[in-house]
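2 protein chains.
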Amino acid sequence: MKPLETLFSISDNSSLMRKYKGKSKTRKLCLCLQSIFPILDWGRYYTIRNLRGDFIAGLTTASLCIPQDIAYAKLANLDPHHALYASFVTPLVYAAMGSSRDIAIGPAAVVSLLLGAMLSHDIRDYKSHEYLRLAFTATFFAGVTQLALGVLRLGFLIDFLSDAAIVGFMSGAAIIISLQQLKGLLGIPHFTKKTDVISGIGSVKSVIVHHEGKKHKKLFWVAAIAPMTCVIVSTICVYITRADEKGVSTIKHIKGGLNSVSANEIFFRGKYVVRGFRIGAVAGIVALTEAVSIGRTFAAMKHYTLDGNKEMVAMGTMNIVGSLTSCFVATGSFSRSAVNNMAGCETAASNIVLSIVVLLVLTLFTPVFKYTPNAVLSSIIIAATTNLVNINAVIMIWKIDKFDFMACMGAFFGVIFINLEYALIIAVSISFVKILFRVTWPKVVVLGKIPGTSIYRNIEQYPKAFQITAMLILRVDSPIYFTNCNFVKDRILRWLRYENEERAECELAEIEYVVVDMSAVSDIDSSGIRSFERLYHSLEKIHVQLVLANVGKIVMEKLQESKLTELIGRDKIFLSVAGAVITYGPKREEL
Amino acid sequence: MKPLETLFSISDNSSLMRKYKGKSKTRKLCLCLQSIFPILDWGRYYTIRNLRGDFIAGLTTASLCIPQDIAYAKLANLDPHHALYASFVTPLVYAAMGSSRDIAIGPAAVVSLLLGAMLSHDIRDYKSHEYLRLAFTATFFAGVTQLALGVLRLGFLIDFLSDAAIVGFMSGAAIIISLQQLKGLLGIPHFTKKTDVISGIGSVKSVIVHHEGKKHKKLFWVAAIAPMTCVIVSTICVYITRADEKGVSTIKHIKGGLNSVSANEIFFRGKYVVRGFRIGAVAGIVALTEAVSIGRTFAAMKHYTLDGNKEMVAMGTMNIVGSLTSCFVATGSFSRSAVNNMAGCETAASNIVLSIVVLLVLTLFTPVFKYTPNAVLSSIIIAATTNLVNINAVIMIWKIDKFDFMACMGAFFGVIFINLEYALIIAVSISFVKILFRVTWPKVVVLGKIPGTSIYRNIEQYPKAFQITAMLILRVDSPIYFTNCNFVKDRILRWLRYENEERAECELAEIEYVVVDMSAVSDIDSSGIRSFERLYHSLEKIHVQLVLANVGKIVMEKLQESKLTELIGRDKIFLSVAGAVITYGPKREEL
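Protein chains in written order, with this note's numbering: chain R, 12 to 602; chain W, 12 to 602.
Any given hint might turn out to be false.
The list makes no distinction among identical chains, and a pair is therefore deemed to hold if it is satisfied within one copy or across any two copies.
DSS-like, lysine-lysine: derived pairs with alpha carbons at most 30 Å apart [as the list claims (entries may be wrong)]: (1) 454 / 583; (2) 574 / 552; (3) 454 / 564; (4) 475 / 574; (5) 583 / 475.
No lab work stands behind these hints: they were computed from the structure.
Here chain R stands alone, though its shape is the one from the complex (with noise of 0.2 Å):
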């Protein structure tokens, strides 16, 4: 009568499953193939309206992504270079086994300055050769525990950062990186040396572009050609004044050539270790975070699944083949995911095509970034965060949920005023707390009849629900469990009270029967059926019958199984609370 439960999944695999029935072992190891590179399945239908559409994102989001990789690669600590290589390897591997079609791989803003952030933490020196290989050994147990989280189906742990904390932790990160960028676009550093007139013009000029290309969505594509451009017009000038003489700092050289492999590089034993694992699991999940919470938006866009352990499969699958070819961490970026979006992609091959252009690049074209300043660089960084300021979505936030309000704002200070790492732990707490909290003090809201219906409902909700002559309904809105059964039953026996004082007042009849609808009782445990026991005598004595009704399966169950139905007498247990008044209530009345 159901789907097959998979408790510990994020998503859906029983159609799969079902895929494998009665087929040959050759059809079998072809699915399998199939399953894990979703590549073998959807290339096979791939058009040339397909890649006309896949060509110019890929390239597209190539223009942004060039300039961006030599920036984030700063906020690593680590040379131009190894971001480039990452974006020529992990968008390839992504292609053949990640499953969404709107994602673009490769170093991302947030992720690159955690890694910065805790790796110069372990290792001052960020020019050390140790420093370098303690990043490989990060990127590799980032991908192993993506890896891991995939396969285990832990999936869903990913859940636990919730979308307000998220929001917070990248705002938080944005104006960090942001102010230290300030540093390298208003060339703080070289303060009393010449100020970097040229390219700050360039940089506020790609400020005001991508945000222009923001608005109208149809210019998109300024947007994304922005840093390019101004990357190209800030080397022209910068080559042609001969800026770079004059004290404008540039970025002076890029290691041209393939990925080096650096297996050998990554510590497997001694002390960096555990670091390196430490640095890598945090990394990894924060990548997972950016990369699923992107890859959902667009899949229900567009609608399609995403199967939420295949993409961690696909990731942590990138960054290990990443951290043996010197990369570092990749993951799905906002701002390039958008840009590959919105400049048409249809499947995964734009990252091929990206990959391509990298490729291009790394051979071909790194010594013209020579005279590329530093400060467009700074700028680039700038434009692309603060996208991920979102004050809108705070707003959102504290108007839907004050909670997710704190956990937002813990997340935010957290980031800017201790670090990346405790701002995460905040942002889950007092998430958790907030669940916990809801759990310990649920409302217990009465209900009233709607006139003209037999529909019950929360008399302040609903200030047309007239209540019913010597009858109390009440709803617990919460399962109930040791946190919160005592509180259910004093609030029930409290609104008893209190009701009784009110009615007295207006000389009503007394209250003979509290009803309690369970409908939003989903689940009891044996401490919430030891209060129901203490409510149903404490009741008792004042005469007062205790009437349960629309009691869920489970809750039914334990009932049972507790002998309270026969405490509280099977013929107090209905359907509907409508039931119920029918049952006792007066029979004249409205009714």
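Here the structure of chain R is known, so what remains is to put chain W in place on it, guided by the hints.
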């Protein structure tokens, strides 16, 4: 329209506050004093009939209490007179301040064991004066902790120890205590000497008598006076046979006279302050758990209200006073309170009677314990603690809730194999994981129409309920939070796919409307709102309409704030499932 919200209170103070309205200052002071010392209130109505009940109950309880005290002191590795001191001073304080009419106050087995274990972990040599001082310090801080919980109205924290955890904890502790006492009972430390046959037989009798007493409620007094009888009989036997000279170990000496002041013995500085506080906090909370649990049970039985916070203030004060007068931690004990209740106690004055009897013993009869064999004390402890092993409760917990059973077993084996503190932490953790588990993977059930009604219920629970053509009606059985919002969304989409496949096989119409019954969705957060947006878009793409029914007050406000009502459409939100089906369902059929 509703009673004062006192979120942080487990008790009812609103009526109390009302009392103060419009009264003169003297009257207010008087009421305030009455609220702190309930004896000033009930004392005014005290009758001879009350006195008779309390006198008999106090006397009976004392006859159980004195041998238990001497025995429990051994569990805490303290001299017996400290326990007798505690049974003299603390019941007096409680009688004045407590609001329960049935609790009998004094040292309790589990708390004494816990105290002894924790104290001797810090100071191995329990004969040293330091040990005694730490015991007073811990008692002091236990009182402070209890008082603080009461004053700050944090009584709800006690509820975080679920019934299941308490059952497991008590059973485990009882077994540990009994095993320890078997040594004493069988005289194992003196195994090479003659075993203590006389008192051994006595003790076995005591256990049997105790259990017989429990079975026949009218014979409770047999159980109540059995320990005292055993003590007297065995003491006389030892005195006549001079068995103490033949190797039977006896108490030898109990210091007589009244409590000495111990205020100057408490550590207020130095390394033991923190340790004392830690021990005291744990012991204080465990003591409260026992007392509040007993208090609630009797309050429900006799129908009076127990103010949890006031109870904590009373317990806290009595332990602080106790720590200043050479007592160790006292609380309401299971066995004595049961005897007190069965002997017909009427008010807390039975504690005063108990206290006076103990006073008489302390001043007059301590020398008679010289010949009391230690083995009989062990048997008394075993008799008292075997009642704590509540197999029926464990079986009931197993039947009702498997997770609760895990918490119970966690506490039980934690006590036996690790220690009492960890056992509590394990049990509380399991209990909380269970709540998070349920919140993370809530049920999403399919509803059907119950023939002949307009009621829609779970088709698994009501097999006669039938589904509506072209509609899928689902109920989400939990508030929607960040932890479960994606699960709920995926589960809804999955039910849709599954039902469509099933219906296609039976050549039924495709589903056009998904109706989500929100009865049990008492709350939603910003992640939940976002996943509903995604759900709406996903359904839109496959031309399925999303309809909501019975949206509660809080959720409705949030849907409006987030403009989700406008996205879904106000014509898609209904008061009840029946309303939605009437509007969008098939017109002709069985409706």
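Structure-based check of each hint:
Proximity of residue 454 and residue 583 under a CA criterion of 30 Å is satisfied in both settings, with 23 Å inside one chain copy and 26 Å between copies. Taking identical chains as interchangeable, the C-alpha atoms of residue 574 and residue 552 lie at most 30 Å apart only when both belong to the same chain, with a minimum of 20 Å there against 49 Å between chains. For the homomeric pair residue 454 and residue 564, the shortest alpha-carbon distances inside one copy (22 Å) and between copies (11 Å) are both at most 30 Å. In this assembly of identical chains, residue 475 and residue 574 lie within 30 Å of each other by CA distance solely across copies; the values are 25 Å between and 38 Å within a copy.
Within a single copy, residue 583 and residue 475 get their C-alpha atoms as close as 27 Å, and across copies as close as 22 Å, so both meet the 30 Å cut-off.
The structure fails none of the hints (numbered hints given earlier).
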